[in-house]
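Undergrad: Working from the sequences, and respecting the hints, build out all of it.
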Amino acid sequence: MKSIMLTADVSIPVLGFGTWQLTGQECIDGVCAALETGYRHIDTADAYGNHAQVAEGIKNSGVARKDFFLTTKLKFPNAYTKEAVAADAQRFLEELQIDWIDLLLIHWPNREVPFAETLRAMDELKKKGIIKAIGVSNFTPHHLDDALKAGVEITNNQVEVRPTFNQKTLRDYCASKNISITAYSSLRGGDPELPLITELASKYSKTPQQIILNWITNRGMITIPKSSHPERIKENFESASFEMEEADLEKIDNLPQSDRGNDPSFGDFEY
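First residue of the sequence shown? That's 1 in our numbering, and the numbers climb one at a time after it.
Since the hints were derived computationally from the structure, they do not count as laboratory data. Fair warning: this is a prediction, and the values are worked out from it, not measured in the lab. Heads up, the beta-carbon is just placed ideally off N, CA and C, and yes, glycines get one too. Warning: the hint list may mix true and false statements.
[What the hints assert, rightly or not] Straight-line distance between alpha carbons at most 25 Å, and here's what the computed DMTMM-like set of lysine to aspartate or glutamate pairs gives:
id	residue 1	residue 2
1	Lys-149	Glu-117
2	Lys-177	Asp-146
3	Lys-126	Asp-102
4	Lys-132	Asp-46
5	Lys-127	Asp-88
6	Lys-82	Glu-94
7	Lys-234	Asp-102
8	Lys-126	Asp-99
9	Lys-206	Glu-231
10	Lys-149	Asp-123
11	Lys-149	Asp-9
12	Lys-127	Glu-160
13	Lys-82	Asp-102
14	Lys-206	Glu-238
15	Lys-177	Asp-102
16	Lys-132	Glu-56
17	Lys-234	Glu-36
18	Lys-75	Glu-117
19	Lys-66	Glu-36
20	Lys-127	Glu-153
21	Lys-82	Glu-112
[Unchecked claim] Here are the computed distance ranges between Cβ atoms for each label pair:
id	residue 1	residue 2	range
22	Gln-97	Ser-205	39 to 47 Å
23	Asn-254	Arg-91	27 to 35 Å
24	Asp-145	Glu-246	38 to 46 Å
25	Ser-202	Gly-151	17 to 25 Å
26	Gly-62	Asn-254	43 to 51 Å
27	Gly-49	Ser-3	37 to 45 Å
28	Lys-127	Gly-220	25 to 33 Å
29	Ser-205	Glu-26	27 to 35 Å
TA: Below, the structure is given as structure tokens:
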């Protein structure tokens, strides 16, 4: 599995297993199945309320801690003070039954607490070895401009990306700042049913979902598809096992663009 370097000594597998909306036994079984399939990157969040189930799935898989990468996120909107960051990180370790977090993200931008306060608190966790890398989620270039003023290394921005919402401007900005992109909600909406996607699926004898995930990783991004079905978990994992022609990747790049699908009232995207 290909990886992307976040820092000089921390790398992240480009294909991860997402756990949004997975709870209870479904989450336990999904995480276990993903790790048994070969995934070595699990993505969760405090807001998902499934840390304990993720931990159980990891335990059931038998995969050693040193052999997988784990991302989680600070809960929005009131867990961004320096006191909350320190307390929640310790709670995360207990809930996830681990000794360190590979990547900790600010889940949503929130101007009620200065970015610098949150990021510097996260940097203290990094210095202590509690976390290995620092990132954000749902940040626009405007948010990142402000956040980078804190002088803390931001290594990743987890955002919505799909063929018809490819975030090219944001991706270019992040590349200029050495910030990697993790794409979420990449299979939502009607993108898998687009004529181009179905045509490419036929050409490469793959599923439309595999075509989209392959495009994401071929464009230098990380992707975290989620599923509770073992056959789909395996299918998504196999999206990294083939190469598309550059001309076909460019066709996906050039699809007409639409609006974001995830636009909650607290999203602050217009800032």
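Undergrad: Hints first: check each against the structure and report whether it holds.
TA: How the hints compare with the structure:
no.	hint	verdict
1	Lys-149 x Glu-117	11 Å, holds
2	Lys-177 x Asp-146	13 Å, holds
3	Lys-126 x Asp-102	10 Å, holds
4	Lys-132 x Asp-46	18 Å, holds
5	Lys-127 x Asp-88	16 Å, holds
6	Lys-82 x Glu-94	19 Å, holds
7	Lys-234 x Asp-102	24 Å, holds
8	Lys-126 x Asp-99	13 Å, holds
9	Lys-206 x Glu-231	14 Å, holds
10	Lys-149 x Asp-123	14 Å, holds
11	Lys-149 x Asp-9	24 Å, holds
12	Lys-127 x Glu-160	30 Å, violated
13	Lys-82 x Asp-102	19 Å, holds
14	Lys-206 x Glu-238	9 Å, holds
15	Lys-177 x Asp-102	20 Å, holds
16	Lys-132 x Glu-56	22 Å, holds
17	Lys-234 x Glu-36	10 Å, holds
18	Lys-75 x Glu-117	15 Å, holds
19	Lys-66 x Glu-36	15 Å, holds
20	Lys-127 x Glu-153	12 Å, holds
21	Lys-82 x Glu-112	13 Å, holds
22	Gln-97 x Ser-205: 39 to 47 Å	41 Å, holds
23	Asn-254 x Arg-91: 27 to 35 Å	45 Å, violated
24	Asp-145 x Glu-246: 38 to 46 Å	32 Å, violated
25	Ser-202 x Gly-151: 17 to 25 Å	50 Å, violated
26	Gly-62 x Asn-254: 43 to 51 Å	44 Å, holds
27	Gly-49 x Ser-3: 37 to 45 Å	29 Å, violated
28	Lys-127 x Gly-220: 25 to 33 Å	29 Å, holds
29	Ser-205 x Glu-26: 27 to 35 Å	30 Å, holds
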